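On the provided structure of chain A, position chains B, C, D, E, F, G and H with the ligands as indicated by the hints.
Take a look at the letters that make up each chain.
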Amino acid sequence: AAQERDVHANPSSAVIAAFKVFQQELDSRHDKYERLVKISRDITIESKRAIFLLHRVINVPNAEGVLKEAEGKLDGVRQKIGQIAEELRGEDIYQFHRAFTPGIQEYVEAVSFLHYIRHRSLISLEEINARLVFMNTENSDPKGSAEAPPSGALVLTFQVTPADYLLGVADLTGELMRLCIGSVGNGDIDTPFQLSQFLRQIHDGFSYIGNTGPYEVSKKLHTLRQSLGKVEDACYTLRVRGSEIPKHMLADVFCSRTTHMDTEEGVV
Amino acid sequence: AAQERDVHANPSSAVIAAFKVFQQELDSRHDKYERLVKISRDITIESKRAIFLLHRVINVPNAEGVLKEAEGKLDGVRQKIGQIAEELRGEDIYQFHRAFTPGIQEYVEAVSFLHYIRHRSLISLEEINARLVFMNTENSDPKGSAEAPPSGALVLTFQVTPADYLLGVADLTGELMRLCIGSVGNGDIDTPFQLSQFLRQIHDGFSYIGNTGPYEVSKKLHTLRQSLGKVEDACYTLRVRGSEIPKHMLADVFCSRTTHMDTEEGVV
Amino acid sequence: MKGNRRSEMSVTEMFSYIQGFLSADQDVREDIRKVVQNLEQTAREILTLLQSVHQPSGFKEIPSKCAKARELFSTVRTQMAELKTKFPVEQYYRFHEHWRFVLQRLAFLAAFVVYLENETLVTREEVAQILGIEVVREKGFHLDVEDFLAGVLIMASELSRLAVNSVTAGDYSRPLRISNFINELDSGFRLLNLKNDPLRKRYDGLKYDVKKIEEVVYDVSIRGLAKEPESGGDK
Amino acid sequence: MKGNRRSEMSVTEMFSYIQGFLSADQDVREDIRKVVQNLEQTAREILTLLQSVHQPSGFKEIPSKCAKARELFSTVRTQMAELKTKFPVEQYYRFHEHWRFVLQRLAFLAAFVVYLENETLVTREEVAQILGIEVVREKGFHLDVEDFLAGVLIMASELSRLAVNSVTAGDYSRPLRISNFINELDSGFRLLNLKNDPLRKRYDGLKYDVKKIEEVVYDVSIRGLAKEPESGGDK
Amino acid sequence: MKGNRRSEMSVTEMFSYIQGFLSADQDVREDIRKVVQNLEQTAREILTLLQSVHQPSGFKEIPSKCAKARELFSTVRTQMAELKTKFPVEQYYRFHEHWRFVLQRLAFLAAFVVYLENETLVTREEVAQILGIEVVREKGFHLDVEDFLAGVLIMASELSRLAVNSVTAGDYSRPLRISNFINELDSGFRLLNLKNDPLRKRYDGLKYDVKKIEEVVYDVSIRGLAKEPESGGDK
Amino acid sequence: MKGNRRSEMSVTEMFSYIQGFLSADQDVREDIRKVVQNLEQTAREILTLLQSVHQPSGFKEIPSKCAKARELFSTVRTQMAELKTKFPVEQYYRFHEHWRFVLQRLAFLAAFVVYLENETLVTREEVAQILGIEVVREKGFHLDVEDFLAGVLIMASELSRLAVNSVTAGDYSRPLRISNFINELDSGFRLLNLKNDPLRKRYDGLKYDVKKIEEVVYDVSIRGLAKEPESGGDK
Amino acid sequence: MKGNRRSEMSVTEMFSYIQGFLSADQDVREDIRKVVQNLEQTAREILTLLQSVHQPSGFKEIPSKCAKARELFSTVRTQMAELKTKFPVEQYYRFHEHWRFVLQRLAFLAAFVVYLENETLVTREEVAQILGIEVVREKGFHLDVEDFLAGVLIMASELSRLAVNSVTAGDYSRPLRISNFINELDSGFRLLNLKNDPLRKRYDGLKYDVKKIEEVVYDVSIRGLAKEPESGGDK
Amino acid sequence: MKGNRRSEMSVTEMFSYIQGFLSADQDVREDIRKVVQNLEQTAREILTLLQSVHQPSGFKEIPSKCAKARELFSTVRTQMAELKTKFPVEQYYRFHEHWRFVLQRLAFLAAFVVYLENETLVTREEVAQILGIEVVREKGFHLDVEDFLAGVLIMASELSRLAVNSVTAGDYSRPLRISNFINELDSGFRLLNLKNDPLRKRYDGLKYDVKKIEEVVYDVSIRGLAKEPESGGDK
Ligand SMILES: [Mn+2]
Ligand SMILES: [Mn+2]
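Chains as they are written, first to last, in the numbering used here: chain A, 1 to 268; chain B, 269 to 536; chain C, 537 to 771; chain D, 772 to 1006; chain E, 1007 to 1241; chain F, 1242 to 1476; chain G, 1477 to 1711; chain H, 1712 to 1946.
Extracted from the complex, chain A is given alone in its bound form (with noise of 0.2 Å):
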């Protein structure tokens, strides 16, 4: 019986023949899943980059430079999901989400962080999408995509699932509130209120979509809700804290708080 199996192994069986295409497609698949592996690494780790950089927003003076060399660290990002958007040209990108979604979810934590300290405003999905245009070859310029699309079949774009942007922006909540207690402690009394105000709405969107949205948001819910508690005692304590200010000094603190304010809003 041996040796007639061995014939079995014979190439030119159809069953065979038939392997050789599947372990073909099975390979190339498992690469690519691969290869979004280590650009999905990559997008986190520059994210997550971008991130910091933001933070040092609140203490430097030039706040426009910082801005726009994490606006310049995320275009770089954008080139690399351009990558993803290159491969999944043609699949099912939900074949292969698992591999990419933890990139994004960063990237959609940065991008809202910078728009936030921008336009002290929750960035949209459409939004963030729109900036996922890219032209067909690896070398196109990322800032022209930003722009009305130009037709034709050059023009490949990625798109962010709802879920991975409800995934970053409950991140996002986490560099909040981080950004509200380095503030407090840089003496910004403005931002906290805002912040607090902000990230109450957040959290409330988040109770309105409660356990119908995937699993994930549910476990970063606890996270949310401490990060809001912490943001709600900074307040308190600014308030409890502002209510012995001597009436002589109200006027001073008052006017120093505005100018602050007219710095601030100059610089964005």
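Watch out, some of these pointers could steer you wrong.
Claimed, not checked - Which chain A residues face chain D? A few, computed with CB under 8 Å, are given here: (1) 52; (2) 55; (3) 187; (4) 189; (5) 244; (6) 245; (7) 246.
Said to hold, decoys possible - Taking lysine-lysine and the PhoX-like style, the derived pairs with C-alpha atoms no more than 25 Å apart in a straight line are: (8) E:1092 - F:1436; (9) H:1922 - F:1306; (10) F:1442 - H:1922; (11) E:1145 - E:1090; (12) A:20 - C:731; (13) H:1797 - F:1325; (14) A:220 - A:230; (15) D:805 - H:1797; (16) F:1380 - E:1090; (17) F:1452 - C:737; (18) D:836 - G:1687; (19) E:1201 - G:1683; (20) A:32 - B:300; (21) E:1213 - G:1683; (22) A:32 - C:731; (23) A:73 - B:288; (24) G:1510 - F:1327; (25) E:1040 - E:1090; (26) B:498 - F:1327; (27) F:1442 - H:1923; (28) G:1510 - G:1560; (29) G:1536 - E:1213; (30) B:348 - B:316; (31) D:972 - D:910; (32) B:316 - B:288.
It is worth saying that the hints were derived from the structure and are not from the lab. This one's a predicted model, so the numbers in the text were calculated from it and none came from an experiment. Yeah, the Cβ is synthetic: ideal placement off N, Cα and C, and Gly gets one too.
Leaving out everything else, chains B, C, D, E, F, G and H with the ligands in the frame of chain A:
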């Protein structure tokens, strides 16, 4: 106070200067770690593929061809390990160990599997390490490195740790179990008995080490025991089955078995 | 300040928008689940039908059972057609987990019918056709290659059972044919580089099927049963 | 056959060889643990000594306490010297976990003494020198940069306590000096890209220390206390 | 043989009958799940509504928010009424897990509304009435005592947040009232001999709420803020 | 203030009342646990009795062993009667987890006795009668259908053991009868649409029993043992 | 064969004997559990009594509350006496887990009473005497040193609450006394070389209590409250 | 103030005293750990020795292997004697966790040797004697009954492996003897009312061993191998 503080962000400050050094040190450490993780993933994938390839040895006529091909794949893996060695030049390898340990374990598994198929014995840690000697340049011929390392600064070595060796060998037993079951299915009656002896030795070896080894070994012990059980069961079945051979067929069976063995021995 | 009020709106709006998306998603999943339950029901019926081949009396009835199974597969195709209407085709992998299990079972049943009919390995194209779906992802709801392979592996284990039961039923030549068939399959699978996933685990099981069939062939051959013309087999 | 017998030997031998290695490893760890326990004991003693600066009466005694602490650090250096003899120097990171905790505490204590002495941030070189170890890995048993930073962060939180207690003790100018110092430190840390690790968590705590000190400075300043010449501070 | 055939009939019949039973059960669960989903939706809406009391501007609107919440509770009652029709009442505990979570949330919301309205602890009777269910199990779909207690404990943690935010909003007297209330609650819970279950774990959290609120009262008190007549939010 | 004091009373009163409720609940559970322990003891005794059928000598004694088991079931009925007195019947599902395990074991034992007696599948009615409980929930303490099915599945695995051991004992015809029986059972289960729960997992084990028994039949058949008239009990 | 039969007897006998042993063990544990439940009840009552010291009105009543607590401790002693009768004293550590939790709570309560009475740290002897047990293991049911320390640490966190609440109640000097006391305690604990166990974790919490109390002292001090003769304090 | 100073003294003294106690405890544990490590080393050596009985060649050497194991047990007794000197005997349960694991392994090894020697179940007395310890707790360092049972259950699973390998080695009668033995053991365990603890879980594994061994007996029996006089390993 706010104005005063901004001064401290002054880049001429000694503290800031020191932290810029720390920044560089941490970033380059993190980057190196990340590069090692990526190489490790590549090593894992290629080693796994070499193992799959080696399982084809059973039922192809040209076993040597498969072995050569696997050897070639592992040459590629060794080049990657060379890249790790390059990254670790002058470093404390334990500092980055977690980054590449999965890949190295998988390589140990693959190379010891190949060794077993060729020599029916357990490759030693020294034998493994002896082949991880590299020329300084990345494009050096890895074949040459297996020989006595030429003296001088051009030589790089990589040392697999005993723990990684143990963990790789623990995983090897799973592949040996697969090899055993596959052999029975392909009518080979000697390999299972050989394998059960060999696996029992490894099992007894691990029992001897017991819980004095790294924690991960204890976790793999259960799987090892299961594999041994499967191999022992297979031998048992062969034995029980063989007990029914009618007397007049015994010679026949014995003959064909010997032939089979000869073929195999000739091939190795 | 004004900007602030504007953004306050947009946060709520944004979450409403996302919530809308999530609701829609849940509805789609609910719809899919229902169709999948029906598919599972049909799959169980086909399985019950084909199980009779393991009975001593069942061997002669293989052709008629296969014919009946073929009829039931038309129900499968109808249900598949309905499933396709439940979600956008390019989001196949988003909902893959919902039908993965039943699709593997159906691939197995199709492969089993084809084997029983003419003792050949079904192609991916044939399975797709029997189930009324596509082979190529770009063309529509398709049969993922890993699901096809999983189905084939389930069949392999069914064939090892069949080898055993065919001997019980007095058909001594079938095991050898099954053995040849399954060995070819094994050679095919050896070409694949599998990850440490459920498919790999299933493939490890194939080795045991091969071994079991080898044992049956051995049992039959040492008793000299394989050579005599048997009455129970139909080929 | 013969090859088989040879290999049987080698499996047992191989495991004996590995076992030898593992035993040696355990012995090394046991030795390290003992020295580390002594280091922890000394660290606790230095801490107890320095804790007195938080007492109202303690502020005047800072110089003498620092001097005593400096003496105790010579014990630390002796113990460190012993620690170095317990394992090959190039395997520092293999056993890192054993002394990481105490090394961070010691770096904190060294940084605290230096701060108390002249209100500057200790350098990595100074800490290394106080502990009798190296800065650069290549030169020997060294102070990992992350452990140095962790020590500095522990000090930051001690300083926020000190700001509070110095007000209680009637020293109203110290908080402002601490505030300036800690803000500079904060600026430094903002330059770093940290992973999601314990150091990051500790650094997040720094923001609260900065905040707390800011509050103390505020309390002092709205009461006009900062301007009057105080008697409790020594600088 | 004959006996066998007879039993073959009866086996199929028996399992068909059982399948009928299982289907019915699954249908009931499916129905319950849907109503529970609606209840969760309403609960989330009430929650979103009531959470606005934490906004600086929200304190003046408490009465109107409570009124709106009361309206939404009538939707809850309608949905509860529907839920009751989905299964026989004596099987309450069979399906308890399905609505346990939402019922605790609703109990919390009812307790919170009652507290906001007149600063008293809701009774089990009141909660049951607000939700349109019974207190006593024998009378119908009821509020399990452990679910009631869980709801009350959720409210306690919401109140500690409220104490903080009411100060931020300039209402300095509310924390003291909350503190008294929560102390009373704590004494009440100390009368209970709780098992080592989720409720016990939740109760262990109560002491953190108590402490937090005491600290708020302390902050207000040491600054003499509680004494000055407040207008209920002055910013 | 006054209102507050009033409510303070009522809070204490409310919690005292609730504690009464919780105590009662704990007492009920304690009572149930004790009776369940006795049931487990009796179940183990019946099992020990029936285990002897696997012994070579045990096959002839099946009738007498069954008779003895029947006697022990009267103890079960007494204990069941006691169990029923421990809690209000409509709270069956509240305490279900306490007796679920032993009830499944008892259902298995009843099914096994019935099978040994006349090789048929026990009905739910019979099991309920043997255990002295009801089939229909409305009538009182009943046998949940899922627990009945779990008991049947435990028996299936016991039968695969019996098939093996009957061959050892020289009874070559029993495996074939068991095989037919178990195939029927398998078909029956295939009619069910099981959820992804413990029962489903148990059912997945059934196919291993089916396969194991088929292999026994195969072994007997290929050796021509089935044909010779055996003496070991053929019914 | 004969040997086998002999051993069959003895196996049964051996296991019967062992079952007797296991039953006895379970009975002992059951008995212990009941007494421990009563102890927990008493402990909760003492706690409720002492909690009133946190109330503004409670400060004057400290002596009377302590006296009442002393009375309740006599109940504790009775229950402890009963507990001792439930098992042989040398098996203390076998059943330690059963009463460890409540014993730590009782040690806390005893330490708290002693602190409230004369603002000193209770000794292990005093706690043992208050609870009616021994200090030295050899003499009988004793207070394990780790349980004593755990009780002391629970008290430390209670004292940080007390510092906060005494300020609220207008007693501005108490925090400073508490601060001194807790600093002494902290120094004491720093003499200990704790393992990485629950006690160590609890001790890590002590530094938060120290810091909290220092902040209270700070608040009092910066507002010049400590200097004015207060009316709320009693010492 | 004076009182305070006095207590300051006593606090330090008290904690110093306690530290002495804790140090002593840690020293005891350290000592125990070392002896236990040696015991583990010896246990591993005995295990390696006895595992050779699974080798085809090992069956003839059983008597000599047992004799060597008996010698190694004298080392165990020496180490046990040393262990006893490390702590007061009445604190057995305080340190139980340290040696529980190795004691169970040693009980298994003793039981295995006794089984291999004369195929009977070791008694608790015999195990205690082999290990040089007591059976009765009152008499000294003893073998806890649960540890004895755990050791016996480990042996059961080793015996199922032995049944398989003895057939491979050509010894066809051993499995039947093992089967009888293990059935007896199973009956014994069924007399026990085990809690839901690790022992219970281990016992649940016994039924798999029973089944496995029955299948071996079956395989031997259906091929008529048990009847032919074997020589104890013919390959
Ligand atoms: Mn983040
Ligand atoms: Mn592997």
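Checked hints:
no.: 1; hint: 52; verdict: holds (5 Å)
no.: 2; hint: 55; verdict: holds (6 Å)
no.: 3; hint: 187; verdict: holds (6 Å)
no.: 4; hint: 189; verdict: violated (10 Å)
no.: 5; hint: 244; verdict: holds (6 Å)
no.: 6; hint: 245; verdict: holds (6 Å)
no.: 7; hint: 246; verdict: holds (6 Å)
no.: 8; hint: E:1092 - F:1436; verdict: holds (20 Å)
no.: 9; hint: H:1922 - F:1306; verdict: holds (21 Å)
no.: 10; hint: F:1442 - H:1922; verdict: holds (20 Å)
no.: 11; hint: E:1145 - E:1090; verdict: holds (12 Å)
no.: 12; hint: A:20 - C:731; verdict: holds (17 Å)
no.: 13; hint: H:1797 - F:1325; verdict: violated (54 Å)
no.: 14; hint: A:220 - A:230; verdict: holds (16 Å)
no.: 15; hint: D:805 - H:1797; verdict: holds (20 Å)
no.: 16; hint: F:1380 - E:1090; verdict: holds (21 Å)
no.: 17; hint: F:1452 - C:737; verdict: holds (20 Å)
no.: 18; hint: D:836 - G:1687; verdict: holds (21 Å)
no.: 19; hint: E:1201 - G:1683; verdict: violated (31 Å)
no.: 20; hint: A:32 - B:300; verdict: holds (23 Å)
no.: 21; hint: E:1213 - G:1683; verdict: holds (19 Å)
no.: 22; hint: A:32 - C:731; verdict: holds (14 Å)
no.: 23; hint: A:73 - B:288; verdict: holds (19 Å)
no.: 24; hint: G:1510 - F:1327; verdict: holds (20 Å)
no.: 25; hint: E:1040 - E:1090; verdict: holds (13 Å)
no.: 26; hint: B:498 - F:1327; verdict: violated (50 Å)
no.: 27; hint: F:1442 - H:1923; verdict: holds (21 Å)
no.: 28; hint: G:1510 - G:1560; verdict: holds (13 Å)
no.: 29; hint: G:1536 - E:1213; verdict: holds (24 Å)
no.: 30; hint: B:348 - B:316; verdict: holds (14 Å)
no.: 31; hint: D:972 - D:910; verdict: violated (30 Å)
no.: 32; hint: B:316 - B:288; verdict: violated (42 Å)
Taken one by one, the earlier hints fail for this structure at numbers 4, 13, 19, 26, 31, 32, listed in ascending order.
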